[in-house]
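Peer 1: Sequence:
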Amino acid sequence: MQHLTVWLTIFTFLATLVFILWRPKGMNEAIPASIGAIIVVLIGSVSLSDLGIISNTISGAAITIMATIVMAIVLESFGFFNWMAEKLAERAKGSGVRLFWYVNLLCFLMTLFFNNDGSILITTPILVMLLNNMGLPNHQKIPYLLSGALIATASSAPIGVSNMVNLIALKIVHMDLWLQTAMMFVPATTGLLLLTWLLYLRFRKILPKTVPTNVSGLSRSTDHPLKINKGIQHASEKARSRFMRNVLLFVFAVRCSLFVASFVNIPVSLMAVIGSLVLLGWRWAYLKQSPADMLKKTPWYIIIFAFSMYTIIYGLHNIGLTDWLITFMKPMVSGSLLHASVMMGTLLTVLSNIFNNHPALMVGTLTLMNMDLSLLELKIAYLANVIGSDMGSLLLPMGTLATLMWMHIIRKGKVMLSWLDYIKVTIVVIPPATLFTLVILYYWVYWLFGSTLQG
12 MQHLTVWLTI FTFLATLVFI LWRPKGMNEA IPASIGAIIV VLIGSVSLSD
62 LGIISNTISG AAITIMATIV MAIVLESFGF FNWMAEKLAE RAKGSGVRLF
112 WYVNLLCFLM TLFFNNDGSI LITTPILVML LNNMGLPNHQ KIPYLLSGAL
162 IATASSAPIG VSNMVNLIAL KIVHMDLWLQ TAMMFVPATT GLLLLTWLLY
212 LRFRKILPKT VPTNVSGLSR STDHPLKINK GIQHASEKAR SRFMRNVLLF
262 VFAVRCSLFV ASFVNIPVSL MAVIGSLVLL GWRWAYLKQS PADMLKKTPW
312 YIIIFAFSMY TIIYGLHNIG LTDWLITFMK PMVSGSLLHA SVMMGTLLTV
362 LSNIFNNHPA LMVGTLTLMN MDLSLLELKI AYLANVIGSD MGSLLLPMGT
412 LATLMWMHII RKGKVMLSWL DYIKVTIVVI PPATLFTLVI LYYWVYWLFG
462 STLQG
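For the sequence shown, the working numbering gives the first residue as 12, with consecutive numbering after it.
Errors might be hidden in some of the hints.
[As the list claims (entries may be wrong)] Result set (DSSO-like, lysine-lysine): computed pairs, CA atoms no more than 27 angstroms apart in a straight line:
hint: 1; residue 1: K425; residue 2: K216
hint: 2; residue 1: K307; residue 2: K36
hint: 3; residue 1: K308; residue 2: K423
hint: 4; residue 1: K98; residue 2: K182
hint: 5; residue 1: K423; residue 2: K307
hint: 6; residue 1: K220; residue 2: K435
Derived by calculation from the structure, the hints in this document are not laboratory data.
Sequences are here, hints too, so could you generate the full structure?
Peer 2: What follows is the structure, encoded as structure tokens:
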């Protein structure tokens, strides 16, 4: 009977992944995930007491991410993203190369201020509109869109709060947000700079030398998940820019408050909720729009998806998957910290591209927690896992849900890119950037924290 439970759990996990990646008829990924979770509970791989542990683990991460998404929706109501697109074209000053660097900077900041999925969902339709309005041919749109997507997704590595699965993993390893950022921001950002430079070298012959500067006629797109909005009507362009900068400063202050909260042991989710409530009140005062519409606009299914996926992963943990992985992975982590960083990051890169980064990072993190590692070994191995799941996972389109969503959005925008075309780019930029980041991680963490974290 126990043998049957093991095989049923493994089959449920694999079948769930197939339906999540396939999404027949546009099926929401939360549906197969929730069905899979119900099955593993019914067959006994996960108990009711386990569900309590799972709820406690993901609740803070889910609340933080949902509050961030609410803030993004409020900013859309203000017309913030439409304004950003116009400023992007204006700053480029007619240079296709300058536009390339500004697009990647925008995608990096969007992920840092919000999260990787939100960055993809918000910026991609805006960039498609911008490039369409510029009249660029398909092959010249690809450098901006593909590099932007890769940077937006990989930019969830520098700070843990930019990715729900990173936040869940932080909870599992009992690591504070501020400490994770102190350890990860420099190596991950350095790796992102290398990735951007490699992308530029790959695309420099394709980038247009000049691009139009007058794109103020950005239209409202019915394909945009948030329905891009012109927002508030201001007395002048100067007044509009001043308002948008004030909003941006507020969002930045909220982001900073999350790290302060982590440092002084206040729940990060509490600060995120307070920030979103203040922004909702701000919108109510300016647009006379009550927060009631958030019940409809907020993608609550993300909570169901995260809870369900972790339930399935916990089922794999309970049937002995992590015990097997410990036997396989312990030699990689023990001994050399540099070896631990490179090997764990490489392993998570492989797992993410086979199984998707969400379950891969959860499995890897649960395994690390049962390895009886020293404090420094655990931190290095965990952070290497994050790099593998956030950056290394971009090798194949199926490595992250964000990439799959991105491909769907650009196709709706009439931009054609095959999986083969995608891989021709990622195969030459992702492996060196990931390996470089893993090596820098070791040297940075050991230099900064080695003496205080040993044992």
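Peer 1: Please verify whether K220 and K435 have alpha carbons no more than 27 angstroms apart.
Peer 2: Judged against 27 angstroms, a Cα distance of about 23 angstroms means the pair holds.
Peer 1: Taking 27 angstroms as the top limit, are the C-alpha atoms of K307 and K36 close enough?
Peer 2: holds (22 angstroms)
Peer 1: Given the hint that K423 pairs with K307, test it: the Cα-Cα distance must not exceed 27 angstroms.
Peer 2: Satisfied, since the Cα-Cα distance of roughly 23 angstroms is no more than 27 angstroms.
Peer 1: With the threshold set at 27 angstroms, check whether the alpha-carbon distance from K308 to K423 stays at or below it.
Peer 2: holds (21 angstroms)
Peer 1: Between the alpha carbons of K98 and K182, is the straight-line distance 27 angstroms or under?
Peer 2: Not OK: K98 and K182 at ~38 angstroms, beyond 27 angstroms, violated.
Peer 1: Just to be careful, I want the Cα atoms of K425 and K216 compared with a cutoff of 27 angstroms; is the pair within it?
Peer 2: holds (23 angstroms)
Violation of the numbered hints given earlier is confined to hint 4; every other hint is satisfied by the structure.
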